[in-house]
Amino acid sequence: MIEKALSGSKRYWGWLILLLFFMGLGLAAYLMQLSRGLTVTGMSRDVSWGMYIGQFTFLVGVAASAVMVVLPYYLHNVREFGKVTIFGEFLAVASVIMCLLFVVVDLGKPMRIFNMILYPTPNSILFWDMVVLTGYLLLNLVVGWNVLEAERNDVSPRQWVKTLVYVSIPWAISIHTVTAFLYAGLPGRHYWLNPLLAARFLASAFASGPALLIILCFLVRRFSSFDPGREATQKLAVIVTYAMVATMFFFGLELFTALYSRVPAHGLYTLEYLFAGRDGHGNLVPFMWASVALALLAIVLLINPATRRRESTLMVACGTTFLSIWLDKGLGLVIGGFIPNAFEKITEYVPTAPELFITLGVWATGLLILTILCKLAVCVKEQVGGIS
Amino acid sequence: MEMTRRAFLKMGGLGLLGILAAPVLDTLARTDLGRVMGASGVTTAKRWALVVDMKKCWENGNGSCRDCILACHRTHNVPAIPDGQEQVKWIWTERYENAFPGQENEFAQNLLGQPFLVLCNHCSDPPCVRVCPTQATFKREDGVVMMDYHRCIGCRYCMAACPYGARSFNFRDARPYLGQPNPAYPVRERGVVEKCNLCEERLAEGLLPACVEACRYGALVFGDLEDPASEVREILRTRYTIRRKPELGTRPNVYYVVG
Chain A
22 MIEKALSGSK
32 RYWGWLILLL
42 FFMGLGLAAY
52 LMQLSRGLTV
62 TGMSRDVSWG
72 MYIGQFTFLV
82 GVAASAVMVV
92 LPYYLHNVRE
102 FGKVTIFGEF
112 LAVASVIMCL
122 LFVVVDLGKP
132 MRIFNMILYP
142 TPNSILFWDM
152 VVLTGYLLLN
162 LVVGWNVLEA
172 ERNDVSPRQW
182 VKTLVYVSIP
192 WAISIHTVTA
202 FLYAGLPGRH
212 YWLNPLLAAR
222 FLASAFASGP
232 ALLIILCFLV
242 RRFSSFDPGR
252 EATQKLAVIV
262 TYAMVATMFF
272 FGLELFTALY
282 SRVPAHGLYT
292 LEYLFAGRDG
302 HGNLVPFMWA
312 SVALALLAIV
322 LLINPATRRR
332 ESTLMVACGT
342 TFLSIWLDKG
352 LGLVIGGFIP
362 NAFEKITEYV
372 PTAPELFITL
382 GVWATGLLIL
392 TILCKLAVCV
402 KEQVGGIS
Chain B
20 MEMTRRAFLK
30 MGGLGLLGIL
40 AAPVLDTLAR
50 TDLGRVMGAS
60 GVTTAKRWAL
70 VVDMKKCWEN
80 GNGSCRDCIL
90 ACHRTHNVPA
100 IPDGQEQVKW
110 IWTERYENAF
120 PGQENEFAQN
130 LLGQPFLVLC
140 NHCSDPPCVR
150 VCPTQATFKR
160 EDGVVMMDYH
170 RCIGCRYCMA
180 ACPYGARSFN
190 FRDARPYLGQ
200 PNPAYPVRER
210 GVVEKCNLCE
220 ERLAEGLLPA
230 CVEACRYGAL
240 VFGDLEDPAS
250 EVREILRTRY
260 TIRRKPELGT
270 RPNVYYVVG
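The listed protein sequences correspond, in order, to chains A and B. Residue numbering for the first sequence is 22 to 409, as defined by the numbering used here. Residue numbering for the second sequence is 20 to 278, as defined by the numbering used here.
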């Protein structure tokens, strides 16, 4: 099946070469980071995680969101999703690979990464995150591949594949829950120490992931002769709507407890830093307000049936949803957790150029994998469509 | 007197051992260490603690004495990195309101702005140990929270978990910032996390932690909390002491005398 990735239009190859170019830049920046150490990043003893772990957290959500097409299709027989589950699963594969890459590039001693397997430590949430993420990667790869192959051979997938599909549903929830537990169990990080965090993570994941999937479906239709179908994207749009509203609701709950109780241990100082600036520091203020504004715009466009149904406005709504949650989770959440620091002092974080190149490089790698996997899926679907 | 060659060597050996043991016994006699080390010279299931008498420090040190910090950092090859945000620190000072956030009030003029020595608290329930994915940081039976620099993968999860800012990451190579390195203690590689180890390498030799030994005014007292007769227990019994962020349940083993 993989041979289908080796033939394509000029545009296909052009896109791959562009991605390879950014991957090359990222690799060059990473080699520099390897030789000089994490001093080339903007991270510090106070803000000891930054861009990489932010992207990791955000992308775990995108990966988990595959369940939003798999679950309705396999458990509730929502037929419209039949054509898009494969894209959800392949999006999950690409996202998890990006997640793992972001963890690796964040390590001070990447050559020792297998110490995590050599000395398995069940009391560490990071250990469990590794377990669930690699498991989820394998599940989606095996399921996606086998379902696609069955489709190509015009047979229904075998029973064991379906069993794996059912396993992957709770598994998807687990990856983002465990990722939230990375943060929500740390004493002294008030902004993270919050039982609502996993719920909020899942809600925002189920908005950002399906939003990306809608955009992906649009691109597939635009650049191939396969049409995932308007019903599927419309159903997904409803999911994005509810998930986005739930996200903002959860966010409001956090705001209320912090702002009304005025208890610092509920993340009050971080919220102040993020949304108003504190002690003269406010690098993230414009980004956080942009996130809120984009979220509100998305909600308006999604709730209103006319704008949700019209393709152009739906695209805007999906783009703003994705961007809003990327700003909140990819930037604000991780960086905000470190500000103020253990001494209630503020050290700000600004990513450096090498850090941004490495980040871009990992994204390009994920997009390359996604492009190739989608190319396979589209080829099979075009072929099947041609026969039937 | 008849003496076989064998008996002579035996006695000579014992005598030599006595000469060598003398300084060790001497050190033990002067400190609390003798109380907590068993006859075998091995520490067992005890709980080390450090009591910092800040009043003694301020009164005698006049705010300029840095003996303990220098001794620690020299002993452990802690680099003096100029970039404050990439600094490696094992023991340093923070103002009262920063070391004890939430406990300050604006009228406590005797405390506000005063420097407090801060270091790893060697918590009884350490979050850093709980989160480490490779057991590179672990707690010994005697309470010392330790680092295995060769196992650490540099994920910095422990830094996110430590509520005391006690951990430092080697963002860059330490060698250029060392001055005269101490060959008795390893220099850490780039990419690993480190922190105060309560001088476990000195404890193993029957010595006190370098900071305690370096303090001329006796402001740092080291001892065993499980021994009711220890000096640290005596201070905790008779003086009012505080710990950093007790509300987090980590049960720090560094105490501060403030009154």
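Simulated from the structure, these hints should not be mistaken for lab results. Accuracy of the hints is not assured; some may be wrong.
[Claimed, not checked] The calculated SDA-like cross-link candidates involving lysine to any residue, where the alpha carbons are at most 25 Å apart (straight line), are:
hint	chain 1	residue 1	chain 2	residue 2
1	B	K158	A	K256
2	A	K25	A	L388
3	A	K256	A	Y94
4	B	K264	A	K256
5	B	K65	B	E208
6	A	K366	B	E125
7	B	K75	B	R114
8	A	K366	B	A99
*asked:* Just to be careful, I want the Cα atoms of K25/A and L388/A compared with a cutoff of 25 Å; is the pair within it?
replied: Roughly 17 Å between the alpha carbons, so the hint for K25/A and L388/A holds.
_Hinted pair K264/B and K256/A, Cα distance within 25 Å_ = Measuring from Cα to Cα gives roughly 49 Å; hence the hint is violated.
*Given hint E125/B paired with K366/A - CA-CA distance at most 25 Å*: holds, 17 Å
*Taking 25 Å as the top limit, are the C-alpha atoms of K256/A and Y94/A close enough?*
holds, 12 Å
*Pair hint K158/B and K256/A, alpha-carbon separation not exceeding 25 Å*: The given pair, whose Cα atoms are some 52 Å apart, is violated under the 25 Å limit.
*Mind checking the alpha carbons of K65/B and E208/B for me, to see if they're no more than 25 Å apart?*
violated, 31 Å
*Is it true that the CA of K366/A sits at most 25 Å from the CA of A99/B?*
holds, 21 Å
*asked:* K75/B and R114/B were given as a pair; does the straight-line alpha-carbon distance stay at or below 25 Å?
replied: holds, 16 Å
The structure does not agree with the numbered hints 1, 4 and 5 stated previously, though it agrees with the rest.
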